[in-house]
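Q: So the sequence lines, in the order shown, correspond to chains A and B.
Residues 1 to 454 in this note's numbering are what the first sequence lists, from first letter to last.
Residues 1 to 454 in this note's numbering are what the second sequence lists, from first letter to last.
Treat the hints with care, as some may be off.
[Said to hold, decoys possible] No farther apart than 30 Å at their CA atoms in a straight line, the calculated lysine-lysine pairs in the BS3-like style are these: (1) A:K127 / B:K126; (2) A:K126 / B:K221; (3) A:K7 / A:K61; (4) A:K99 / B:K445; (5) B:K361 / A:K7; (6) A:K221 / A:K17; (7) B:K445 / B:K361; (8) A:K126 / B:K92; (9) A:K127 / A:K253; (10) B:K253 / B:K99; (11) B:K92 / A:K17; (12) A:K43 / A:K99; (13) A:K253 / B:K92.
[To be verified] Covered stretches of chain B (in silico footprint by chain A; criterion: 3 or more residues with CB under 8 Å from a CB of chain A, positions within the stretch not fixed): (14) 50-63; (15) 368-378.
Calculated directly from the structure, the hints in this document are not laboratory data.
Glycine included, C-beta positions come from ideal geometry on N, C-alpha and C.
There are 2 protein chains.
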Amino acid sequence: MANVPYKIYLSEDEMPKQWHNIQAVMPEVPGFLNPANGEPVPKEGLLGVFCAETIEQELNKTDEFIAIPDEIVSFYSMYRPSPVVRAYCLEKALGTPAKLYYKFEGNNTSGSHKLNSAAAQAYYAKKQGLTGVTTETGAGQWGSALSMACAFFGLDLVVYMVKTSSEQKPYRKVLMETYGAKVIPSPSPTTDVGQKILAENPGTGGSLGCAISEALETAAKSDGYRYVLGSVLNHVVLHQSIIGLEAKLALEKYDITPDIIIGCAGGGSNLGGLISPFMADKLRGKSGTEFIAVEPASCPSLTRGRYAYDHGDTGRMTPLIKMYTLGSGFIPSPNHAGGLRYHGMSPIVSKLFHDGHISAKSYTQTDVFQAAVMFARTEGTLPAPESSHAIKCAIDEALACKATGEEKTILFGLTGTGYFDMTAYQNFNAGEMNDYVPTDADLEKGFATLPQKC
Amino acid sequence: MANVPYKIYLSEDEMPKQWHNIQAVMPEVPGFLNPANGEPVPKEGLLGVFCAETIEQELNKTDEFIAIPDEIVSFYSMYRPSPVVRAYCLEKALGTPAKLYYKFEGNNTSGSHKLNSAAAQAYYAKKQGLTGVTTETGAGQWGSALSMACAFFGLDLVVYMVKTSSEQKPYRKVLMETYGAKVIPSPSPTTDVGQKILAENPGTGGSLGCAISEALETAAKSDGYRYVLGSVLNHVVLHQSIIGLEAKLALEKYDITPDIIIGCAGGGSNLGGLISPFMADKLRGKSGTEFIAVEPASCPSLTRGRYAYDHGDTGRMTPLIKMYTLGSGFIPSPNHAGGLRYHGMSPIVSKLFHDGHISAKSYTQTDVFQAAVMFARTEGTLPAPESSHAIKCAIDEALACKATGEEKTILFGLTGTGYFDMTAYQNFNAGEMNDYVPTDADLEKGFATLPQKC
Numbered sequence: 001m002a003n004v005p006y007k008i009y010l011s012e013d014e015m016p017k018q019w020h021n022i023q024a025v026m027p028e029v030p031g032f033l034n035p036a037n038g039e040p041v042p043k044e045g046l047l048g049v050f051c052a053e054t055i056e057q058e059l060n061k062t063d064e065f066i067a068i069p070d071e072i073v074s075f076y077s078m079y080r081p082s083p084v085v086r087a088y089c090l091e092k093a094l095g096t097p098a099k100l101y102y103k104f105e106g107n108n109t110s111g112s113h114k115l116n117s118a119a120a121q122a123y124y125a126k127k128q129g130l131t132g133v134t135t136e137t138g139a140g141q142w143g144s145a146l147s148m149a150c151a152f153f154g155l156d157l158v159v160y161m162v163k164t165s166s167e168q169k170p171y172r173k174v175l176m177e178t179y180g181a182k183v184i185p186s187p188s189p190t191t192d193v194g195q196k197i198l199a200e201n202p203g204t205g206g207s208l209g210c211a212i213s214e215a216l217e218t219a220a221k222s223d224g225y226r227y228v229l230g231s232v233l234n235h236v237v238l239h240q241s242i243i244g245l246e247a248k249l250a251l252e253k254y255d256i257t258p259d260i261i262i263g264c265a266g267g268g269s270n271l272g273g274l275i276s277p278f279m280a281d282k283l284r285g286k287s288g289t290e291f292i293a294v295e296p297a298s299c300p301s302l303t304r305g306r307y308a309y310d311h312g313d314t315g316r317m318t319p320l321i322k323m324y325t326l327g328s329g330f331i332p333s334p335n336h337a338g339g340l341r342y343h344g345m346s347p348i349v350s351k352l353f354h355d356g357h358i359s360a361k362s363y364t365q366t367d368v369f370q371a372a373v374m375f376a377r378t379e380g381t382l383p384a385p386e387s388s389h390a391i392k393c394a395i396d397e398a399l400a401c402k403a404t405g406e407e408k409t410i411l412f413g414l415t416g417t418g419y420f421d422m423t424a425y426q427n428f429n430a431g432e433m434n435d436y437v438p439t440d441a442d443l444e445k446g447f448a449t450l451p452q453k454c
Numbered sequence: 001m002a003n004v005p006y007k008i009y010l011s012e013d014e015m016p017k018q019w020h021n022i023q024a025v026m027p028e029v030p031g032f033l034n035p036a037n038g039e040p041v042p043k044e045g046l047l048g049v050f051c052a053e054t055i056e057q058e059l060n061k062t063d064e065f066i067a068i069p070d071e072i073v074s075f076y077s078m079y080r081p082s083p084v085v086r087a088y089c090l091e092k093a094l095g096t097p098a099k100l101y102y103k104f105e106g107n108n109t110s111g112s113h114k115l116n117s118a119a120a121q122a123y124y125a126k127k128q129g130l131t132g133v134t135t136e137t138g139a140g141q142w143g144s145a146l147s148m149a150c151a152f153f154g155l156d157l158v159v160y161m162v163k164t165s166s167e168q169k170p171y172r173k174v175l176m177e178t179y180g181a182k183v184i185p186s187p188s189p190t191t192d193v194g195q196k197i198l199a200e201n202p203g204t205g206g207s208l209g210c211a212i213s214e215a216l217e218t219a220a221k222s223d224g225y226r227y228v229l230g231s232v233l234n235h236v237v238l239h240q241s242i243i244g245l246e247a248k249l250a251l252e253k254y255d256i257t258p259d260i261i262i263g264c265a266g267g268g269s270n271l272g273g274l275i276s277p278f279m280a281d282k283l284r285g286k287s288g289t290e291f292i293a294v295e296p297a298s299c300p301s302l303t304r305g306r307y308a309y310d311h312g313d314t315g316r317m318t319p320l321i322k323m324y325t326l327g328s329g330f331i332p333s334p335n336h337a338g339g340l341r342y343h344g345m346s347p348i349v350s351k352l353f354h355d356g357h358i359s360a361k362s363y364t365q366t367d368v369f370q371a372a373v374m375f376a377r378t379e380g381t382l383p384a385p386e387s388s389h390a391i392k393c394a395i396d397e398a399l400a401c402k403a404t405g406e407e408k409t410i411l412f413g414l415t416g417t418g419y420f421d422m423t424a425y426q427n428f429n430a431g432e433m434n435d436y437v438p439t440d441a442d443l444e445k446g447f448a449t450l451p452q453k454c
């Protein structure tokens, strides 16, 4: 076998032309329920909210592969395929016999994997003849990605940005505006739900759940608009499967099968997309790969949440979704990994976790940033705080291999770069990082907001 | 011929293992003179200031190719080869028959090509047994790059950062500190020259020339330290030749010879490195490629400067260098393209320009940022203000082709990304950009500071 280079690149011709739909392989993912009566929501009930094509994808439980339209392939070609990188320098610094690989999704201006679904959703919205879309953004990566995609395909865009993030990351707002988006800190007085949340929680820094409610309301009130979501939903996991498909192809060039695959998990789309084709192999008994979801201890939906039907937003406007959740009323503490600050979790990831196919870990911020700085100094790239959760876990696994002498192959998702997260690094450098972990009583308050009927 | 993909990548095996030394091909580049007597500076006179190996490279006028040490090849492999990108989407938006290519150097955490020389200089300093180095940074890209390289090779680093830049880009400072560097806004009270400049110009925002003086003084006063420079000098152009070598190899895969090559020019290292092997072909009569240097109208060393012996720094501590210069006393206005805010120009680029092998253009900021935003919205990547000077010129050339119907092939250097330049984009979005151009009287003040003897 040839020596593995630092970066395994696919050619543009080798870039997958179909997404992988894990729903076709796994046990059935529970669908949306109507909160009023607990009945399944018919497809027609979703058409006023989401783009038509993404609803088809959301509900598709039969086709394992779904063609990527040429226009999206062209857009992907501007920044994909992305490399699988062998972390030789980190391995050396750790003195581990483990082999560490990361799939790097940060080499585009949005700074993360989010562009993979943004391109698809903007394309479908334009094709449907819409004039614009609304969305929410936490860390700002999704909003940046969607701004880029909307500028490219010619769509208007309104972004509700979690207020805490908009204050921590003022330049994210400028970036989105440079691409032509309108950015509103959330909760805001521009919506009924925003006004209500502000009245009930004066001074709140907001959350993804609040911002989703505002974006939903604005889409519903605006002609020719729909709402698009950057994570959680099945069709977003589908779009993100390009990550896993490319990673699998690249590793197979060198006959590599990962023993462990690690991803950070906020809404779950990056993790779901990364593991998708590998999980298919495992569910079919073709591999024994282990999968680990990593979340912040401050927002532990998998490790301390409940598997229940819940709203996807704080304003309780969405249908109910079966997922691991802390309750839609759980407002996470300001945590620098804004992209992981969400009360729920992808129904696909939740189901796989519930069935025992994925395990989960959580870490506090200081530990995560220590890993981030070690990674930056050895591998060069300054990672996003979200991605650094996966790095921390990969380092722990590599050190476990050092202790046992095992030569495991570990693949993790480096979902993005930290160039717009310098306030967080500044706090870490100054030793002023907040390691908040919710108490059981805090969690009970969130669980009390779970719908009682379903 | 096969269709040209969006991105032409070389494999790591194909990455050049030798730098290209244009000095061996071109008419002799004038050497350093002693300002006290106008005599050439002997090699020994430079050993106390610069690393020994880089002095050898600086003065090497005979070897066209110089081997890249394995350790630097390994470092390069973390982020190189970098792609040549076909700007299909920009071409379409312009409706031009021209074929636009850019060599993209921004896909690393320093955000620019600067890492190519930082890696080399940090490696040679460590190999020589030094404990640390000092440097200056303008836009912050060089300081970031050197921080990364010093963290990797295990060297201490003190960075004097132009005060204007450190105020416009606070997060650049945090980035460098995250990699372990000590960052001091310049002019500062930590050096004699800094104190003198502050006394003579209270409230000054500083310049690269000032920061160089401070870094030189600190290196001279610190045991086991040398000074390293991120541009201008011949050995930096040598290290940056990796850009041109890779670009040439990539284009040759598709039988492409550029009609025009365009680069932004501050100190000149990116331009010099990009054109190096192409210029060798031209000087040997093997091609008719045209070369264009692009600079800001606010700091027009090529387009309005004089070809004269001058100091490289404001404090007049360096030997004299024959170059296009505005005078070491010229303090440029605050301009967002901090990396282009330097009174002088690479002696190599200056000589080639003087001999008529390169032409030069200048643009004001608003025009440059209009081009930058157009590029961002069509090609995805948000460019650095410096790089956007080259984009503006490439767009002008492409529009000229549209007018004449010519199908010219244009290659430009996209030296970096603008992720740490959001204050500049914010000003542009708000219509508050400053289009300062120095008057002839302003320039005369600078010229009055040129040494009289040489």
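Q: Now tell me, hint by hint, if it's right for this structure.
A: These are the hints, each one checked on the structure:
no. : hint            : result
1   : A:K127 / B:K126 : 57 Å, violated
2   : A:K126 / B:K221 : 63 Å, violated
3   : A:K7 / A:K61    : 35 Å, violated
4   : A:K99 / B:K445  : 61 Å, violated
5   : B:K361 / A:K7   : 38 Å, violated
6   : A:K221 / A:K17  : 36 Å, violated
7   : B:K445 / B:K361 : 22 Å, holds
8   : A:K126 / B:K92  : 19 Å, holds
9   : A:K127 / A:K253 : 36 Å, violated
10  : B:K253 / B:K99  : 16 Å, holds
11  : B:K92 / A:K17   : 23 Å, holds
12  : A:K43 / A:K99   : 45 Å, violated
13  : A:K253 / B:K92  : 35 Å, violated
14  : 50-63           : violated (count 0)
15  : 368-378         : holds (count 4)
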